[in-house]
Amino acid sequence: MNNPLDAARDHAAAGPQAHAADADVASVVERLVADGIDVVRVAYPDLIGTERARDVLVEQLPSVMEHGLAFCRAVYHTTPMGDVVPVPEGIGAGLPDVRVVPDLATLTPVPWEPGVAHCLGEAYEPEGEELCPEGPREVLRRVTAALGATGLTAVAGPELEYFLCEPDPQSPTGWRRYGDAPGNVYVAGRKGDPDGHLLSTLRLLKKYGIGATMGNHEFCGGQFEINLNHSDALDAADRAFRFKSAVKEIARHEGRLATFMAKPFNDEGGSGFHVHLSVCDESGRNVFADETGEHGLSDTARHAIAGVLTHAPALAALFNPTINSYKRFGPDTLAPWLIDWGLDNRSAMVRIPPERGTSTRLEVRLGDATANPYLGIAGLVAAAHLGVRDKLECPAPLEGYGYDAERSPVLPAGLPAALDALEADTDLTTVLGEAFVRAFLTYKRDEVERFQRYVTDWEFREYAYHL
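In case it helps, my numbering puts the sequence shown at residues 7 to 473.
Where hints are given, some of them may not hold.
[Claimed, not checked] The calculated DSS-like cross-link candidates involving lysine-lysine, where the alpha carbons are at most 25 Å apart (straight line), are:
1) K254 to K197
2) K254 to K212
3) K197 to K212
4) K333 to K213
[To be verified] Label pairs and their calculated CB-CB ranges:
5) A470 to V90: 31 to 39 Å
6) T436 to G290: 36 to 44 Å
7) D287 to R352: 24 to 32 Å
8) D89 to V122: 24 to 32 Å
9) T364 to Q66: 41 to 49 Å
10) F466 to T364: 26 to 34 Å
11) P178 to E405: 20 to 28 Å
12) D238 to D338: 31 to 39 Å
13) R258 to P178: 42 to 50 Å
14) Y469 to E405: 39 to 47 Å
15) E455 to Y192: 24 to 32 Å
16) H73 to E399: 47 to 55 Å
The set of hints was computed from the structure by calculation and includes no laboratory data. Each residue gets a CB set at the ideal place from its N, CA and C atoms; glycine is no exception.
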């Protein structure tokens, strides 16, 4: 099965608001049937990056392309525990439907589900051709359009870590780390992966066609990292979103749990979402490269770095979007704590890898793996765009070990402070879209309020017997 399908590619050329009439949907259906596909899974991300989807029998695809799939808009505002957060004023009062239309250019067979093809969907307002402003794909598309208006294109390469867990009835959570043993950072093979999970996952992801390139056991017991190829920002976010959903589903087939939670264990570190970012002009030239510039970086690169540093407190709300996220931060954690940048320095928030020329790029290490890839990349591109637009100047790069640097400002220490920083950063929120920001802040502040009312196991152990 070709990926994407030829007819679907023709449909994609018409843009995100194309109608079914713009593509030969019948020929797509014919090809799917010929390849043994009888179900198309149409999926899209909610605010927190969870995959929402519906399985469509392939013969229903022409009708779905014409009319779309109706989903209650509240899906964007529903918590992991199933509570519906109040929708901000001006966004779909009364829990109306949204209309999700398959993006046929993203059709790809699902190697672990015979007979199923996966397809991303675009979420539209129930009437008309307007995309939902809180839809994560539309948020990123809005940001890349702002950058594109200056003749520039963002290229992103995502890196994601996750923990693999297996059932353990004796554990308070019901899970223990898979293959748990110390000292297995950067190993491959059965030493840190006794059942060959990584090999089978890499092979399935290759067939899935999302640009997975390599993987290894990471620092912590039961932790893995799989790298994805770089591409334009929207495609990179699409692939990162599909990657997270795929890894979790593959783990379920193994009877295991793959979690991208920022810090799931007290005795181990957390999981990161690092993004490599470069920017190209209309000729495809990497505008971050300048062999005559200081450190081989162009003025544009320095402005972009300064933009990321300037807007870092607000970016934390998008890259570190949970209560748990901030337990990953701190000195000596290999996770950012300070707002700084350095040359090939992994203790800095923004690392400049040693490659130059066409490979010149920023590695932004702020994010954790719970981040919605669309929103994290959107915030990053927006911050870099603002830095270039406003010709911001960055400080000198970090020297030495970053966690001892007293000169650098500190990132927000918790989600409430990060949300306040996002709300206050009007330059960034204007680029991201005010309707989206209202929805995101409302959702996340409800999460904070629910947590503040919740009595944790730690509180009971700490206080119940002694106070």
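Structure-based check of each hint:
no.	hint	in the structure
1	K254 to K197	holds (22 Å)
2	K254 to K212	holds (16 Å)
3	K197 to K212	holds (23 Å)
4	K333 to K213	violated (36 Å)
5	A470 to V90: 31 to 39 Å	holds (33 Å)
6	T436 to G290: 36 to 44 Å	violated (29 Å)
7	D287 to R352: 24 to 32 Å	holds (29 Å)
8	D89 to V122: 24 to 32 Å	holds (30 Å)
9	T364 to Q66: 41 to 49 Å	holds (45 Å)
10	F466 to T364: 26 to 34 Å	violated (56 Å)
11	P178 to E405: 20 to 28 Å	violated (44 Å)
12	D238 to D338: 31 to 39 Å	holds (36 Å)
13	R258 to P178: 42 to 50 Å	violated (21 Å)
14	Y469 to E405: 39 to 47 Å	holds (44 Å)
15	E455 to Y192: 24 to 32 Å	violated (41 Å)
16	H73 to E399: 47 to 55 Å	holds (52 Å)
Checked against the numbered hints above, the structure breaks hints 4, 6, 10, 11, 13, 15 and satisfies the rest.
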